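**Q** Sequence:
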Amino acid sequence: MEIAIIGSGYVGLVTGTCFAEVGHNVICVDNDERKVKALQSGTIPIYEPGLEDLVHRNVAARRLRFTTSIEDGVDNSQVIFIAVPTPPQSDGSVDLTYIERVAREIASVLKGYRVIVDKSTVPVKTGEKVADTIRRYNKAEAEFDVVSNPEFLREGCAVDDLMRPDRIVIGANSDRALALMRKIYEPFMAPVMVTDINSAELIKHAANSFLALKISYINAVSAICEASGADVQKVADGIGADKRIGRSFLSAGLGYGGSCFPKDIAAFIAISEQLGTPFHLLKEVQRINQNQRERFLKKLRDTLWVLKEKRLAVWGLTFKPDTDDVRSSVAIELVNDLTREGAHVVAYDPKGIEKVREFKLCPDTVLVSSALDAVRDAEALIIATEWKEFENVDFSEVRRLMHTPLIFDGRNLLDPNTMRDLGFQYHGIGRGTV
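Numbers 0 to 433, taken from numbering that gives the first Met the number 0, label the letters of the sequence shown in order.
Please keep in mind that the hints were generated in silico from the structure rather than gathered at the bench.
Computed from a prediction, not measured in an experiment: that's the story for all the values here.
Fair warning: there could be bad hints in the mix.
Using C-beta positions, here's what the derived DEER-type ranges look like [as the list claims (entries may be wrong)]:
#1 D94 with N391: 37 to 45 Å
#2 R339 with E32: 31 to 39 Å
#3 R375 with D71: 33 to 41 Å
#4 R339 with D74: 51 to 59 Å
#5 R356 with S395: 26 to 34 Å
#6 V365 with V108: 48 to 56 Å
#7 R339 with R166: 21 to 29 Å
#8 D52 with R166: 25 to 33 Å
#9 R166 with K307: 24 to 32 Å
Glycine is no exception: its CB is placed at the ideal position from the N, C-alpha and C atoms.
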């Protein structure tokens with residue numbers, strides 16, 4: 000099929016590339032000329048495992064191309080996916096400026112029947128607004144249908160999530176549009192759930208909010224574990240063995256971050272309030288998440304006493320491993336908390352350093368090129384992102400390089416007993432001190 004993807008960020012670029020990989024012809028449209036030129040020259044603006052090879056292969060096969068022209072995308076596609084940013088506003092509600100703008104731009108060039116698909120995470124009833132906008136601004140009075148098709152991609156494994164989805168949600172009020180959407184997803188051989196548009200829009204916000212709730216729940220349990228001497232890892236294993244609950248998203252740590260969970264939870268709270276049904280539980284999820292970082296900082300202060308002028312090593316700056324995404328990263332918030340208290344922070348991340356430098360996210364932090372460089376003469380090591388690379392570091396060498404053998408593991412990445420045997424004083428989350 001002929002498909003256009005408007006927006007070439009994490010969602011748009013991965014979606015378009017994977018559609019091309021299964022045989023569709025895809026045009027990725029973006030209004031950022033620099034980004035489009037980079038993509039046309041083979042430079043991928045984001046790090047996502049497996050993505051670069053897929054882009055190059057499908058460009059070479061002429062199934063994938065990039066342009067700044069909306070008209071090109073609309074004229075040469077049957078289905079047009081909108082995958083532009085939906086950033087939060089100051090009150091937590093969603094800024095739909097980019098969605099509305101794209102809807103107007105599509106309307107200005109729409110000449111014949113097309114399916115317009117909301118792929119961006121949007122509040123319920125956005126599909127109705129998109130349809131109204133296209134009707135209002137389309138002089139040709141062309142036929143079209145609007146569909147909601149929420150994405151469930153996890154950064155760091157987004158390619159695999161799209162190529163092997165556990166479900167595909169299609170919110171459609173038209174059999175004609177539904178038939179085309181089924182044809183797009185037929186090669187993926189995954190269960191298709193068909194709903195009305197409003198239900199599809201709610202599914203994404205409800206799903207992300209529930210996952211964040213699981214994270215905040217186990218983080219709240221971790222505080223009880225620390226107070227009682229229990230091990231949150233063992234508690235989570237016991238809880239997760241229940242098939243009704245499952246082990247995923249029950250890993251205690253510094254809290255959730257990234258470009259999705261904080262934004263989507265704030266948006267769902269705002270949506271519920273606008274509809275007159277306040278979602279108080281999600282406000283508590285937010286509070287627990289914020290408190291988790293503050294509890295970790297207190298643990299540092301209790302051990303180190305005064306943070307000012309202490310040399311602290313931080314491993315990890317991205318919001319999760321296997322991505323270079325540093326948006327709303329708890330690791331970066333923690334680093335900036337430390338530098339505000341006068342600590343001398345030296346940080347390393349396998350993929351996020353350039354983004355941190357580009358956006359000046361840690362202006363008072365020294366950024367280095369290896370994990371061992373970070374720990375040289377450090378008075379404590381803080382693990383803020385659970386990169387696999389950190390498990391494989393020679394900790395005997397880390398012990399030799401550090402000024403004092405203190406580890407604060409904000410992601411419970413390391414084995415406490417192994418660290419104790421190597422001579423470290425280890426502080427985890429919900430695991431006590433060994």
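**Q** The structure should be examined with respect to each hint, and the outcome stated for every one.
**A** Now for the hints, and whether the structure bears them out:
Roughly 41 Å separates the CB atoms of D94 and N391, a value that falls within the hinted 37 to 45 Å. At about 38 Å, the beta-carbon gap between R339 and E32 stays in the expected band of 31 to 39 Å. A hinted range of 33 to 41 Å is violated for the C-beta pair R375 and D71, which are about 53 Å apart. For the pair R339 and D74, the supplied restraint of 51 to 59 Å holds, since their beta-carbon distance comes to about 52 Å.
Here the CB-CB span from R356 to S395 is close to 31 Å, well matched to the stated 26 to 34 Å. Checked against the hint of 48 to 56 Å, the C-beta distance between V365 and V108 comes to roughly 50 Å, which is consistent with it. The given range of 21 to 29 Å is broken by R339 and R166, whose C-beta atoms sit roughly 43 Å from each other. Range check, D52 to R166: about 26 Å between beta-carbon atoms, so the 25 to 33 Å window is met.
Distance hint check: the CB atoms of R166 and K307 are about 51 Å apart, inconsistent with the given range 24 to 32 Å.
The earlier numbered hints that this structure contradicts are 3, 7, 9.
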